[in-house]
Every structure is written in C-alpha cells, then in structure tokens.
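Student: Sequence:
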Amino acid sequence: MVGNVLLGVRMRLWTALCLGLLTCITASIASAADCPGHPDALGTSRTLVIDPKAHPRIGAMNYTETLPLRDHEVVLTFDDGPLPHNSDQILEILASQCVKATFFTVGRMAQSFPEGVRKVRDAGHSVGTHTQNHPTGFDKFSIERARPEIDDGIASVTAALGDGGGLTPFFRPPGLRRSPAVEDYLASKGIQIWSADFPADDWRHVSPSRVYELAIKRLEAKRKGILLLHDIQTRTVVALPRILHEMKARGYRIVHVVPATSQQPNTPTEPPQWQLHPPSETVAISHWPRIPKFVFADAGTLPAPSLQDSGWHDGQLLRLLG
Numbered sequence: 001m002v003g004n005v006l007l008g009v010r011m012r013l014w015t016a017l018c019l020g021l022l023t024c025i026t027a028s029i030a031s032a033a034d035c036p037g038h039p040d041a042l043g044t045s046r047t048l049v050i051d052p053k054a055h056p057r058i059g060a061m062n063y064t065e066t067l068p069l070r071d072h073e074v075v076l077t078f079d080d081g082p083l084p085h086n087s088d089q090i091l092e093i094l095a096s097q098c099v100k101a102t103f104f105t106v107g108r109m110a111q112s113f114p115e116g117v118r119k120v121r122d123a124g125h126s127v128g129t130h131t132q133n134h135p136t137g138f139d140k141f142s143i144e145r146a147r148p149e150i151d152d153g154i155a156s157v158t159a160a161l162g163d164g165g166g167l168t169p170f171f172r173p174p175g176l177r178r179s180p181a182v183e184d185y186l187a188s189k190g191i192q193i194w195s196a197d198f199p200a201d202d203w204r205h206v207s208p209s210r211v212y213e214l215a216i217k218r219l220e221a222k223r224k225g226i227l228l229l230h231d232i233q234t235r236t237v238v239a240l241p242r243i244l245h246e247m248k249a250r251g252y253r254i255v256h257v258v259p260a261t262s263q264q265p266n267t268p269t270e271p272p273q274w275q276l277h278p279p280s281e282t283v284a285i286s287h288w289p290r291i292p293k294f295v296f297a298d299a300g301t302l303p304a305p306s307l308q309d310s311g312w313h314d315g316q317l318l319r320l321l322g
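Residue numbers (this note's numbering): 1 to 322.
There could be a bad hint or two in this list.
The calculated lysine-lysine pairs, modelled on DSS-like cross-linking and capped at a C-alpha distance of 27 Å, are [unchecked claim]: (1) K53 <-> K189; (2) K217 <-> K248; (3) K248 <-> K119; (4) K140 <-> K53; (5) K140 <-> K189.
Think of the hints as simulated: they come from the structure by calculation, not from any bench.
All figures in this text were calculated on a predicted structure; none of them were measured in a lab.
Could you build the full structure based on these sequences and the hints that come with them?
Tutor: Shown next, in the form of structure tokens:
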C-alpha cells in the first residue's frame with residue numbers, strides 16, 4: 001500500500017514537471033511564431049488579465065502584494081513619457097523583440113505629444129497614468145490637492161488617445177510616493193496603483209552600462225517581478241536592447257498585463273501567487289536608495305549638459321534635482 005502511495009506521488013510530480021516543461025516550450029515557440037522576421041526575439045510569453053478592484057495596490061517596493069508571476073517572468077514598465085525620439089526608439093526596440101509593456105504617461109506630456117500616446121496604444125502596449133504634472137512630494141499632498149493631479153492626468157491621456165480609447169485603470173504615483181488618502185481615492189474609482197518590484201536607477205546620472213547591470217542584478221535576486229524604467233531617458237534607450245538580450249539568454253519571459261473586461265475575464269490565480277517569493281534581503285524595501293525629486297521646468301532654463309543627458313529636445317523637460 002505504501003508502495004502504491006509513493007508511486008502515485010511520483011506520477012503526480014512527473015506529470016507536473018512535464019506540464020511545466022511543455023508550457024515553457026510552448027511559450028518559446030509562440031514567441032518566435034508571433035515575431036515574423038525576428039526568429040531570435042524574446043517575445044511576449046503570455047498575457048496576464050487582472051481585476052484592479054480585487055488587487056488595488058501592487059509592487060513589492062511599496063506593498064505586500066505584487067503581480068502573480070511565475071518564476072523567471074518579468075513585466076516591463078516605463079514612466080514619464082511620451083517624449084519624441086527617445087520614446088519612439090523605445091517602441092522600436094520593443095517591437096523588434098515583439099515585447100509588450102505598460103507605459104505610465106504624464107498628462108502634460110500627453111498634451112504636448114498626443115501622437116506619442118497613440119503610438120504606444122497602437123503598438124499593443126498598456127497605457128496607464130502618472131499624474132498631470134509629476135509633482136514633487138506627492139505623498140505629502142492633501143487629497144484636495146492630489147485629486148486634480150490624478151483626474152487631470154487621466155483626462156489628458158484620455159483626450160490624447162482620442163476615439164480609439166485604450167486607457168487602462170492603472171496608475172503609478174510620481175517617485176513611488178504613496179499616500180493612504182490617494183490610495184483610498186484611487187480604489188474608490190476602481191484604479192489600481194502600481195509600484196514596482198525593482199528599478200534600474202535609469203533616472204539617475206549613471207551610464208547605460210550601469211542601468212543594464214542593476215536591472216539584471218536585481219532581477220536575478222528576485223527571479224521575477226515588475227521592472228521600473230523610463231522611456232524619456234537616453235541611457236534607457238541605449239541599455240534596453242542589452243537588457244532584453246540578457247533576459248532571453250538567462251531564460252526570462254515577458255508578461256503583458258491588461259485589465260479584465262466582460263469579454264476578457266481574469267487569469268485564474270490563487271492568493272499566495274500575489275506575494276513575491278521568496279523574500280530577499282538584497283532587495284528589501286528598506287535597502288532601496290531614497291527616491292529623488294523630479295520637477296517640470298522650461299527647457300530654456302536648464303544648462304546644456306542636463307538637456308543632452310535627458311534626451312529632451314523642446315517643450316517641457318523632466319529634470320532630476322536630487
């Protein structure tokens with residue numbers, strides 16, 4: 001009898017292993033098939049459909065829950081755009097690898113460059129919002145002051161998208177500055193707050209090589225998660241192809257996240273999957289460097305090195321102060 005029980009356990013383990021291998025093989029085949037002309041593309045392995053109301057706050061840098069990803073799965077996110085030239089190059093790089101991502105768009109950028117927002121949507125990426133003006137100290141705002149930043153940002157991005165729509169109920173606070181009042185307000189509107197699981201520090205004055213190194217080092221420490229990047233940064237444009245190439249070499253897979261609809265129900269998950277496992281001391285929240293302050297300023301008021309480093313050409317410039 002004991003022998004039969006052990007045999008049954010072995011068979012179940014073997015079946016699970018085979019199914020896991022089959023899933024990986026199928027995802028790999030699908031990625032290549034879905035990227036004509038790019039047989040070595042990283043691709044997008046699957047689409048994760050989630051209900052923002054069921055999980056209103058995600059991202060281990062701020063919250064106890066994060067996306068229910070499997071081992072070696074990554075969700076790419078980009079903040080602060082669109083910015084012509086840099087954002088366009090990011091879209092080209094993602095397209096060359098048939099990779100889908102989530103873009104958190106600043107309202108004033110959407111007003112200045114509405115075509116850039118539509119390009120993101122038309123390329124099949126998810127479009128979220130990132131306030132109207134990317135204000136400093138967002139976590140200190142009263143709800144009366146924060147509400148128009150949120151609502152105006154949503155209105156600006158919605159207007160930029162036009163009749164084609166495509167805005168998701170995803171929001172990322174500027175600087176990842178969390179606030180209970182803002183969290184409650186967004187939850188009341190059915191909007192999900194996104195933090196991240198690890199950044200690559202591409203908003204800092206570091207080299208593209210350093211952005212690459214931090215992205216891969218922190219990904220390897222967690223083995224899965226939401227990566228925070230910025231599509232306005234020239235250093236990110238330079239580092240991204242190498243990041244994607246190394247992800248493929250190390251067996252990582254890209255997941256695209258979309259909100260559930262009446263036509264597209266949730267991807268089945270279990271509560272433990274929304275916890276990041278295992279926790280790692282090397283990437284604990286308390287170990288992250290203090291998130292710097294950002295502010296919008298007129299391009300003409302900034303010194304030439306800042307303009308060149310940021311990649312901005314005209315209009316408004318998002319400048320790192322600290």
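Student: Now, for every hint given, state plainly whether the structure supports it.
Tutor: A quick look at each hint next to the structure:
no.: 1; hint: K53 <-> K189; in the structure: holds (9 Å)
no.: 2; hint: K217 <-> K248; in the structure: holds (15 Å)
no.: 3; hint: K248 <-> K119; in the structure: holds (25 Å)
no.: 4; hint: K140 <-> K53; in the structure: holds (25 Å)
no.: 5; hint: K140 <-> K189; in the structure: holds (21 Å)
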